[in-house]
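Each protein sequence line maps, in turn, to chains A and B. Per our numbering, residue 1 is the first one in the first sequence, and the count goes up by one each step. Per our numbering, residue 1 is the first one in the second sequence, and the count goes up by one each step.
Accuracy of the hints is not assured; some may be wrong.
[To be verified] Which bits of chain A does chain B cover? Going by a derived footprint, with three or more residues having C-beta under 8 Å, they are:
1. 178-184
2. 189-201
[To be verified] Among the chain A residues that face chain B by a calculated CB cut under 10 Å, a handful are:
3. MET16
4. SER17
5. SER23
6. ALA39
7. THR41
8. CYS92
Worth flagging that the hints you see were computed from the coordinates, not collected in a lab. A virtual CB, placed ideally from N, CA and C, is assigned to each residue, including glycine.
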Amino acid sequence: MSIAIKLPRLRLKGGMSLWVGGSLVGIAISAAILAPWIALTDPVMDANLMNAEIPPGWEYPFGTDAQGRDIYSRIVYGARISLSVGIISQICNSLIGVTLGLTAGYWGGWWDDLVSGLTNLMLAIPSLVFALAIMAILGPGLVSLVIALGLTSWSYSCRIARAQVLSLKSQGYIQAARILGYGDLRIMFTQVLPNILGPLIVIATLGMGGAILAEAALSFLGLGIRPPFPSWGSMLSEARDQITTAPWLSVFPGLAIFFTVLGLNLLGDGLRDILDPQSTTRRT
Amino acid sequence: MAESLLTLDDLAVHFMVGSAFAGGVKTLKAVDGVTLEVKAGECLGLVGESGCGKSTLALAIMGLLLPTRGLIHVDSQQISGSTPPDRMAMARTVQMVFQDPYASLNPRQTVRRTLADPLRLHGVNDKAEVEARVMDMMAKVGLRPEHADRYPHEFSGGQRQRIGIARALILKPKLVICDEPVSALDVSIRAQIINLLLELKDEMGLAYIMISHDLGVVEHVSDRVAVMYLGRIVEQGGWQEIFEDPRHPYTRALIAAIPDPFHRAAATIAKTKAKGEIASALNPPPGCHFNPRCPMKADVCVADAPFLGTVGPGHLAACHFRDRVS
Numbered sequence: 001m002s003i004a005i006k007l008p009r010l011r012l013k014g015g016m017s018l019w020v021g022g023s024l025v026g027i028a029i030s031a032a033i034l035a036p037w038i039a040l041t042d043p044v045m046d047a048n049l050m051n052a053e054i055p056p057g058w059e060y061p062f063g064t065d066a067q068g069r070d071i072y073s074r075i076v077y078g079a080r081i082s083l084s085v086g087i088i089s090q091i092c093n094s095l096i097g098v099t100l101g102l103t104a105g106y107w108g109g110w111w112d113d114l115v116s117g118l119t120n121l122m123l124a125i126p127s128l129v130f131a132l133a134i135m136a137i138l139g140p141g142l143v144s145l146v147i148a149l150g151l152t153s154w155s156y157s158c159r160i161a162r163a164q165v166l167s168l169k170s171q172g173y174i175q176a177a178r179i180l181g182y183g184d185l186r187i188m189f190t191q192v193l194p195n196i197l198g199p200l201i202v203i204a205t206l207g208m209g210g211a212i213l214a215e216a217a218l219s220f221l222g223l224g225i226r227p228p229f230p231s232w233g234s235m236l237s238e239a240r241d242q243i244t245t246a247p248w249l250s251v252f253p254g255l256a257i258f259f260t261v262l263g264l265n266l267l268g269d270g271l272r273d274i275l276d277p278q279s280t281t282r283r284t
Numbered sequence: 001m002a003e004s005l006l007t008l009d010d011l012a013v014h015f016m017v018g019s020a021f022a023g024g025v026k027t028l029k030a031v032d033g034v035t036l037e038v039k040a041g042e043c044l045g046l047v048g049e050s051g052c053g054k055s056t057l058a059l060a061i062m063g064l065l066l067p068t069r070g071l072i073h074v075d076s077q078q079i080s081g082s083t084p085p086d087r088m089a090m091a092r093t094v095q096m097v098f099q100d101p102y103a104s105l106n107p108r109q110t111v112r113r114t115l116a117d118p119l120r121l122h123g124v125n126d127k128a129e130v131e132a133r134v135m136d137m138m139a140k141v142g143l144r145p146e147h148a149d150r151y152p153h154e155f156s157g158g159q160r161q162r163i164g165i166a167r168a169l170i171l172k173p174k175l176v177i178c179d180e181p182v183s184a185l186d187v188s189i190r191a192q193i194i195n196l197l198l199e200l201k202d203e204m205g206l207a208y209i210m211i212s213h214d215l216g217v218v219e220h221v222s223d224r225v226a227v228m229y230l231g232r233i234v235e236q237g238g239w240q241e242i243f244e245d246p247r248h249p250y251t252r253a254l255i256a257a258i259p260d261p262f263h264r265a266a267a268t269i270a271k272t273k274a275k276g277e278i279a280s281a282l283n284p285p286p287g288c289h290f291n292p293r294c295p296m297k298a299d300v301c302v303a304d305a306p307f308l309g310t311v312g313p314g315h316l317a318a319c320h321f322r323d324r325v326s
């Protein structure tokens, strides 16, 4: 018997990647928001050494850690920190990068040289190393994590924005806007930005995934979220000693990171498709 | 005589190309000493091969390129020089229709926004008035009201060019520079767009500078014609003089090249042909720029650059043999 699963024909804008990505990200965000209601136990206080390192089962769906805390509840609460760090820091990066790239590409001259130099400088130093340095100055914690990650990886958005602006600058409609008396800022926001938004949004969603991973890495190194508070990265960090004896400690936070990053990437892909006005065709 | 709307006085636009390290910096004289005048309500045809500086001239008039020397007066306001021109006032006086209707419309703006935003920017705040003027302009260029909320990619090339024309006219300018307005369009659409431009000219009292490499288009619409070669005007005059009594060998060559066997002027001067290609503006030939291709070349052509001399009322030609060419 041939296995011909006929999926319902989803004639939806953006296609499958938007919907799969959107659902994965939606699940992660609703877990973060609904954490107090869907968590089974308190992620920090309900430690019970009698329950330590119980494998996944009916009572503890994802098992318990060395302190007897429910992994599932910690992942649900950890979503709050991981997602907010990922989203807020990437928004900072996008704002910085797009502003610099847009103005540099549009105005050119010494400002472009300055911004390009700065971008190259940022690209030359691995952003995680830069973030480590900032964390070392600011000390561990959620706010310094967001600041460190939000200031260190804007170079990709900046590069993309600048390159896009350069290719659009000579287009007739930009010249037409200048001839019509539009000011520079108005041209940048009404004529240039909407036309370069597609790739920038894709870069931003990729960056959110990257920021979640960077948070995980910094927390893993002990510079991010301090124990006992859960973030996906700090959970991985704590679980590394027990990876052979209690692998569920690292598998489930890892899966949470994996599916969220995957979802963000797919969402970016799908968004790019629907943000293109040419995808809605209506011929005369 | 009608008032002068645009005057160019010895306008030049030079570009520095190359680098100081590789081969040295060279000066590209894209526009080199152009003196022109456009009167209210008239259509000046600007003709020349690709690379002769027509579009550079247009951009300089629009204020998008800084002239190297010379003066531009638009509506008796000087727009070149030390003080930046009043761009808003310029926008209400001079507008431009672009060559490529695919690149000249913002793909993310509906027709309504493309037309309404400039109005709002120029102080038309009443919603009903903006809407009325947008609809009126769309009707004028032959677009239906239901087209207002569509995006550029939903239109054909001809329709897009109509939108481009509507955008250029929405602020009711006095002068419109049409930079090859039909050369990117299908031949079957060209006549429609040209006729639309002519109708709008009469209806709104516009003056045009019709830039084209197609003499057929220019002959059809122009009151006066200026012929450009390597950054200089080589001949200008009323369209009748230019087409029936061209005095510059280059003009003759252009007319002879009109691919229409029944064209009267083309048939009578079919013997004249320009040899070879247009010379590089980076390294123009000495004397008269046209001399390497000219069938009438003499020693004086290499030694001296001819000036634009009068050969008839309002008819100027820059050729040493302007009185013998015919």
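We went through each hint and held it up to the structure:
1. Only residues whose beta carbon comes within less than 8 Å of a beta carbon in chain B count, and the region 178-184 of chain A has 5; three or more means the coverage holds.
2. Counting residues of the region 189-201 of chain A whose CB falls under 8 Å from any CB of chain B gives 4; the rule of at least 3 is met.
3. Against a cut-off of 10 Å between C-beta atoms, the interface hint on MET16(A) is violated, since the closest Cβ of chain B lies about 24 Å away.
4. Hint status for SER17(A) relative to chain B: violated, with the closest Cβ pair at about 22 Å, above 10 Å.
5. With 10 Å as the threshold, the beta carbon of SER23(A) stays out of range of chain B, its nearest partner Cβ sitting at about 28 Å, so the hint is violated.
6. For ALA39(A), the interface hint is violated, the least distance from its beta-carbon to any beta-carbon of chain B being 43 Å, above 10 Å.
7. The closest approach between the C-beta of THR41(A) and any C-beta of chain B is roughly 50 Å, which is over the 10 Å cut-off, so the hint fails.
8. Interface restraint check for CYS92(A): the shortest CB-CB distance to chain B comes to about 26 Å, outside 10 Å, so the restraint is violated.
Figure legend: structure checked against the earlier numbered hints; hints not met, in rising order: 3, 4, 5, 6, 7, 8.
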